[in-house]
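Participant: Read off the chains here:
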Amino acid sequence: MQRHRRDQASRAERLSVVPPTPDRPANADGLLTAVGRGDEAAFATLYDVVAPRVYGLIKRVLRDPAQAEEVAQETLVEVWRTAARFRAGQGSATAWVFTIAHRRAVDRVRAEQAATRREEQTATWAAQPPYDQVADEVHDRLERQQVRRCLDGLTELQRESITLAYYQGCTYPEVARMLDVSLPTIKSRMRDGLIRLRDCLGVEVRP
Amino acid sequence: MTTSDVHALSGAYALDALTDTERASFARHLDDCATCALEVAELREAAARLADQSWAVPPPGLRTRVLAEIANTRQEHPGSRPRARPPRSRLARHLLTAAAAVVVAAGAAAGTYAIQERRVDEQRAATVAARAESERVNAILSAPDATVRSGPVDGGGRITVVTSAMRDAAVVTLAADHAPAGDHAYQLWLTGAGRAMPAGVLPVGTATVTRVVSGTAAAQGIAVTIEPAGGSRTPTLPLVANVRI
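If you read the protein sequences in the order shown, they are chains E and Z.
1 is the number of the first residue of the first sequence in my numbering; add one for each residue after it.
1 is the number of the first residue of the second sequence in my numbering; add one for each residue after it.
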């Protein structure tokens, strides 16, 4: 009995520190499929798996915790609303969720910030490699180290093009201006950089 | 645009780094190019892993609010858009909504026409007006220079604006999640250098509408505000939505 309680306590502690533990059904694909059938409990579990990254990503793009919270809420409700459109096999559930989150964050950036002001800010941020900026509550995990290692394997121009677009919501013409590179070059670096990232991460989508 | 140009956009598309116009045309291209769609899915998958780099503890209360909101949110049924590409689907859906709203308006008017003899003239006028509106919408949507812009509505929802300089008009589709509270209504504005021209008031309690707005050639944007019922002559700030055209 005593031991049982201790086990429960230690499990609760682990859950609060590392959201997707192997102890629970943290298979996002399965969860999102269940959400598509109206399963609210599955949604609550999916929330715990994706919310830290959804909120973290949006906050990183918007740089404003209050707005980030609002956009994170919109994103997660959209995940619930449109979950039935998700098809396992045409990509992963996490990519599906983060695609919605990123798009919403970028929409907000473009709608609310004057282009000039954003470019000034971005120029300042660009002085340091964005992926080195440590979020408030950073959390070390193996996967993250893998992404980082793969980013390190890109050329500087590939890495900067991708991080400026993804983490700061810049359009490719904005990135081209900031890095003083032609439009076709930036388009190509975004594509070949992502292709290299895909191969490094071993990402695969079956047709 | 040559074929190789189009393919080169897949990276920027996966990173949400295209301009709105290019985004819309690339999304159309994806419908016809299975290879491109697969490449985009894979690049999206890789891009989404960048989110692993941004982990932050969500604010307390967010979980409760999200769970409360989904308990009151109707889910979309599958089948409307078979592929899992949410942003494009959303855009396409707005365009379809724009066209469908007008068709429904025309259909509803025609149906009533047959039933209520006393209101025949009125309904005939409404039907004719709806058909005319439908033709105007189609003329703008099918204009060779039509461009699509879209933006969020504060408090939830989206506004999509299809503009044609040739037609000097735009189709505005407002799809807010909620109507303004109390005796207030959404009002559309054409914004220009230092001033705003009224471009239509929605009825109180209305959250979605499709309207043709003329005179866009001289305007810089379409904005939405919340005004007292019947509308105002000058916009009451803040703007709840603002799309540059």
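None of these hints come from the bench; they were simulated from the model.
Heads up, a few of these hints could be off.
Computed from the model, here is a short list of chain E residues facing chain Z with C-beta under 8 Å [said to hold, decoys possible]: (1) A51; (2) T82; (3) A111.
Label-pair restraints from in silico Cβ distances [claimed, not checked]: (4) E:D152 - Z:V204: 28 to 36 Å; (5) E:G202 - Z:S214: 25 to 33 Å; (6) E:E204 - Z:A229: 49 to 57 Å; (7) Z:T19 - E:R63: 16 to 24 Å.
Sample of chain E residues lacking proximity to chain Z, with all beta carbon distances greater than 12 Å (derived) [as the list claims (entries may be wrong)]: (8) G30; (9) T94; (10) E156; (11) D180.
Idealized CB from N, CA, C, for every residue including glycine.
Participant: Does each hint fit the structure? Answer for all of them.
Facilitator: Okay, the hints, checked on the actual structure:
Here the hint on A51 (chain E) is kept, as its CB sits about 5 Å from the closest CB of chain Z, short of 8 Å. Because the smallest distance between the Cβ of T82 (chain E) and any Cβ of chain Z comes to about 5 Å, under 8 Å, the interface hint for this residue holds. Taken as an interface hint, A111 (chain E) checks out: its beta carbon lies about 4 Å from the nearest beta carbon of chain Z, inside 8 Å. For D152 (chain E) and V204 (chain Z), the Cβ-Cβ distance of about 57 Å falls outside the hinted range of 28 to 36 Å, so the restraint is violated.
A hinted range of 25 to 33 Å is violated for the C-beta pair G202 (chain E) and S214 (chain Z), which are about 54 Å apart. The hinted window of 49 to 57 Å between E204 (chain E) and A229 (chain Z) holds, with their beta carbons roughly 56 Å apart. One distance hint, 16 to 24 Å for the beta-carbon pair T19 (chain Z) and R63 (chain E), holds here, with the actual separation near 22 Å. The Cβ of G30 (chain E) sits about 15 Å from the closest Cβ of chain Z, beyond the 12 Å cut-off, so the non-interface label holds.
Against chain Z, the non-interface label of T94 (chain E) is violated: not every CB pair exceeds 12 Å, the least being about 6 Å. The Cβ of E156 (chain E) lies farther than 12 Å from every Cβ of chain Z, with a closest approach of about 16 Å, so its non-interface assignment holds. Listed as a non-interface residue, D180 (chain E) keeps its Cβ farther than 12 Å from every Cβ of chain Z; the least gap is roughly 17 Å.
Violated hints, listed in ascending order, are 4, 5 and 9; each of the other numbered hints is respected by the structure.
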